Amino acid sequence: AQTVTQSQPEMSVQEAETVTLSCTYDTSENNYYLFWYKQPPSRQMILVIRQEAYKQQNATENRFSVNFQKAAKSFSLKISDSQLGDTAMYFCAFMKHVGGSSNTGKLIFGQGTTLQVKP
Amino acid sequence: DAGVTQSPTHLIKTRGQQVTLRCSPKSGHDTVSWYQQALGQGPQFIFQYYEEEERQRGNFPDRFSGHQFPNYSSELNVNALLLGDSALYLCASSFFPGQSSGNTIYFGEGSWLTVV
Numbered sequence: 001a002q003t004v005t006q007s008q009p010e011m012s013v014q015e016a017e018t019v020t021l022s023c024t025y026d027t028s029e030n031n032y033y034l035f036w037y038k039q040p041p042s043r044q045m046i047l048v049i050r051q052e053a054y055k056q057q058n059a060t061e062n063r064f065s066v067n068f069q070k071a072a073k074s075f076s077l078k079i080s081d082s083q084l085g086d087t088a089m090y091f092c093a094f095m096k097h098v099g100g101s102s103n104t105g106k107l108i109f110g111q112g113t114t115l116q117v118k119p
Numbered sequence: 120d121a122g123v124t125q126s127p128t129h130l131i132k133t134r135g136q137q138v139t140l141r142c143s144p145k146s147g148h149d150t151v152s153w154y155q156q157a158l159g160q161g162p163q164f165i166f167q168y169y170e171e172e173e174r175q176r177g178n179f180p181d182r183f184s185g186h187q188f189p190n191y192s193s194e195l196n197v198n199a200l201l202l203g204d205s206a207l208y209l210c211a212s213s214f215f216p217g218q219s220s221g222n223t224i225y226f227g228e229g230s231w232l233t234v235v
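These protein sequences, in sequence, are chains A and B. Everything in the first sequence is counted per our numbering, starting at 1 for the first residue and increasing by one. Everything in the second sequence is counted per our numbering, starting at 120 for the first residue and increasing by one.
The shape of chain A in the complex, shown without the other chains (with noise of 0.2 Å):
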């Protein structure tokens, strides 16, 4: 069975510094996906980004990039130039593939880590 930890229950960190989530993850399979969600406290899950296992190459979104370490099993999420409207919990979730491009539609999440931007 797949698990993902979040060793971090809470960060801070002041408005246009970068901060940086750990997320580890255990499992058998070769092929599969990781992602980052944001939950504000509106409580809707939001994507950030993803990472195919198979990718060497990190994802990045704007201020948001992985360091995806696939031999350690760790996945973590950078946040640069922080910005007050990036308060939220953050979900780190993965999900097995079955097969080409497919995926079997299972997410499963860390325990999160809440992260405070400061002004």
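The set of hints was computed from the structure by calculation and includes no laboratory data. One or more hints might be untrue.
[To be verified] Short, incomplete list of chain A residues facing chain B, as computed with Cβ under 7 Å:
hint	residue
1	Q44
2	M45
3	F68
4	K70
5	K106
6	F109
7	G110
8	Q111
9	G112
These numbers were taken from a predicted model, which means no experiment stands behind them. Where is the CB? At the ideal position from N, CA and C, for every residue including glycine.
Starting from the known structure of chain A, fit chain B onto it as the hints suggest.
Relative to chain A, chain B alone:
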């Protein structure tokens, strides 16, 4: 383009009662999954529906059941409610796994269930 919509937003039920939550997937999506998120925890997968059939199920008792309609909308039913069922219930929609675009999952805003 409407996203994933859920109803009701909040509800309070008494132990032993039954509840039905509803979800309409994002336009064009044919697969609906349900997740339970306890306060301060990550979401847990309940089950997934496609073509009106349950395709995958997480580690939840039979008190949790669902349905998918021909228009792809879905219901989550929970019978014999327990205090521990109090949680945010999230609906997620996507294309069915096996399609090349099936790895993007969109979530609704959730239904807050409080069992007293």
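Now the hints, each set against the structure:
The beta carbon of Q44 of chain A comes within 4 Å of a beta carbon in chain B, closer than 7 Å, and the hint placing it at the interface holds. Given hint, M45 of chain A at the interface with chain B, holds; its Cβ is 4 Å from that chain's nearest Cβ, closer than 7 Å. Proximity of F68 of chain A to chain B is violated relative to the hint, the smallest CB-CB distance being about 16 Å (cut-off 7 Å). Of the supplied interface hints, the one on K70 of chain A is violated, with its beta-carbon coming no nearer than about 18 Å to a beta-carbon of chain B, more than 7 Å.
Interface restraint check for K106 of chain A: the shortest CB-CB distance to chain B comes to about 5 Å, inside 7 Å, so the restraint holds. Among the interface hints, the one on F109 of chain A holds; its C-beta lies about 3 Å from the nearest C-beta in chain B, closer than the 7 Å criterion. At a threshold of 7 Å, the smallest CB-CB gap from G110 of chain A to chain B is about 5 Å, leaving the interface hint in force. Contact between Q111 of chain A and chain B, as hinted, is supported at the beta carbon level, the nearest pair being about 5 Å apart and thus within 7 Å.
Using the Cβ-Cβ criterion of 7 Å, the hint placing G112 of chain A at the interface with chain B is satisfied: the shortest such distance is roughly 5 Å.
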